[in-house]
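Fit chain B to the supplied structure of chain A, relying on the hints for placement.
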Amino acid sequence: MKEIIVVEDLSYTYADGKHKIEALVGLNLKISKGEVFGFIGPNGAGKTTTIKLLLGILSPVDGELTIFGRPPSETQVRKSIGYMPETADYYRYLTPVELLNMYGGIFGISKGLLRERVKYLLDLTGLAQDGSRLMRTFSKGMMQKVSFAQALINDPDLLIFDEPTGGLDPVSRKKMREVIQQLRGQGKTVFFSSHELSEVELISDRIGLLNRGRLLAVGTSKELLGGKVDSQSLENYFLNMIEAKV
Amino acid sequence: MRAVFAIVSAMMRELIRKKDVYVLFIFLIVLLTILACQNFFQIEGISRYVRDFGYTAVMFFSFIIAVTFTARQIPAEIEARTIYPLLAKPLSRYTLIFSKFCGGAVVSVLCFILFFTVYGLFCFFGVEGVDPVLFVQGLIFGILCLCLVSALVVFLSTFMTLSANVTVSFLLFMLINGFSGPLRNTVLLTRGIASSAAGVVYYLLPHFDFYDLRIRITHAWDPLPMWLIFSVTAYTVFYCFMLLFFAGAIFRRKRL
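Respectively, the protein sequence lines represent chains A and B.
Position 238 of the first sequence, counting from 1, maps to 238 under the numbering used here, and the rest follow consecutively.
Position 33 of the second sequence, counting from 1, maps to 33 under the numbering used here, and the rest follow consecutively.
So that you can see chain A by itself, here it is in the shape it has in the complex (with noise of 0.2 Å):
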């Protein structure tokens, strides 16, 4: 299967002073296409560290990475890569519309189908009410699915979630994992970071866990947990890798 994502040795630590911070060792990682990838790990473990790197707003300190066979640093490779924040205070004085349109108009997308792709997308996310309302007005949930509108505006191939479902209600998260899978069944690439092991166990091909900037465990589900499959093993799983290493 072609591989989308390759990541080889990959380390990055940040200077604090005279302090280094190592915020990833020696990273590896093969994602293919079309596969639903859940990165899991505690606070600090590196995760939003691997997603800037996979984006090219970092530069790795040592190893490799390509993403379409290309470096991310390359702006021509963002093209298609769609990214969702954990957390972004989208411009509170511009309306979804003019939001999704302003980021449409970087990816060079024309008139007439970015006008059909934000009605699409405010459909999906259930935002058309709302999209001609300033966004100074919405709540934390609505900004999210704002977010997970705008990284799907390039209808990419590759896409990137740091903690897509922070701050939804049940109903928008059961939604947002209907739309994963759909994305899935269209033959996207999915890299998602998440707490909710629940929720990775759900909707994942694969996952990662990371501590402390290594790369513990990779595999599906059942090959974590050795057979054992529900959202309890996989929590008493984590639990247990992340304590071991502590």
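In case anyone wonders, no lab produced these hints; they're calculated from the structure.
Just so you know, even glycine gets a beta-carbon here, dropped at the ideal spot from N, CA and C.
Any given hint might turn out to be false.
Listed below are the simulated EDC-like cross-link pairs for lysine to aspartate or glutamate, each with C-alpha atoms no more than 20 Å apart in a straight line [stated by the list, open to error]:
| # | chain 1 | residue 1 | chain 2 | residue 2 |
| --- | --- | --- | --- | --- |
| 1 | B | 254 | A | 62 |
| 2 | A | 140 | B | 79 |
| 3 | B | 18 | A | 16 |
| 4 | A | 33 | A | 155 |
| 5 | B | 254 | A | 74 |
| 6 | B | 254 | A | 16 |
| 7 | B | 19 | A | 98 |
Taking CB as the label site, the calculated pair distances span [claimed, not checked]:
| # | chain 1 | residue 1 | chain 2 | residue 2 | range |
| --- | --- | --- | --- | --- | --- |
| 8 | B | 110 | A | 182 | 40 to 46 Å |
| 9 | B | 110 | A | 16 | 42 to 48 Å |
| 10 | B | 163 | A | 140 | 23 to 29 Å |
| 11 | B | 121 | A | 119 | 51 to 57 Å |
| 12 | A | 71 | B | 203 | 36 to 42 Å |
Chain B alone, transformed into the frame defined by chain A:
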């Protein structure tokens, strides 16, 4: 260019919806009306006073918009974390810097044109007229000045906080307008280290004083020769290019 246009459009919406400009616009009209009304008393030379004060107010208000609006762009993107979805798009950091410059320049120039038009109406109809050619030159120089201010503020915003950026920009503007003459005299009339040091400072700092047509408009002097306008335009283009180049280089290395 679509990316630049998309970001500039969003910045223009910000200007319209944040309403800062309306406050300054109303304040300017009130100020000019009060000044123009003084003429009813037929005080000799009051028209010069109106032109002088009006020009200063127009430039200062436009400068306020250029600095405060442009300075908050990059820090606000970082604080709101909208910088990440932006940089995850096919947009280089240089393009982002250039877009923010264009947005700041367009917004402040539009405000300046609005303010200057009101000022022009007061000059032409309220009090003694000014040569229209000189008026147009004042408009061109104001536009060039605001482009330079926007480039400087974008450059400073790549490594300064919002408040530091605004303070430094205001100080530079005041100092250069106030001390450019004495500095030039130091360069020309002294010798040795003092002259060299003053020379470095004089040629390195952006010369906002080049764009100041206040005295010329106040006293209704002759318009400037064309070669001077071209020279100042070339100076602005060169200076903006250098500032944006360094801003891009710094921002490219910035860890976000």
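How the hints compare with the structure:
1. B:254 to A:62: 18 Å, holds
2. A:140 to B:79: 16 Å, holds
3. B:18 to A:16: Outside the cut-off at roughly 37 Å; violated.
4. A:33 to A:155: Holds - the C-alpha atoms of residue 155 (chain A) and residue 33 (chain A) are around 15 Å apart, at most 20 Å.
5. B:254 to A:74: Status holds; Cα separation ~17 Å.
6. B:254 to A:16: Answer holds: residue 254 (chain B) to residue 16 (chain A) is near 14 Å, not above 20 Å.
7. B:19 to A:98: 18 Å, holds
8. B:110 to A:182: 40 to 46 Å: Holds, since residue 110 (chain B) and residue 182 (chain A) (Cβ atoms, about 44 Å apart) stay within the stated range.
9. B:110 to A:16: 42 to 48 Å: 43 Å, holds
10. B:163 to A:140: 23 to 29 Å: 28 Å, holds
11. B:121 to A:119: 51 to 57 Å: Violated: the Cβ-Cβ distance is about 44 Å, outside 51 to 57 Å.
12. A:71 to B:203: 36 to 42 Å: 40 Å, holds
Hint compliance for this structure: hints 3 and 11 are not met, and every other hint is.
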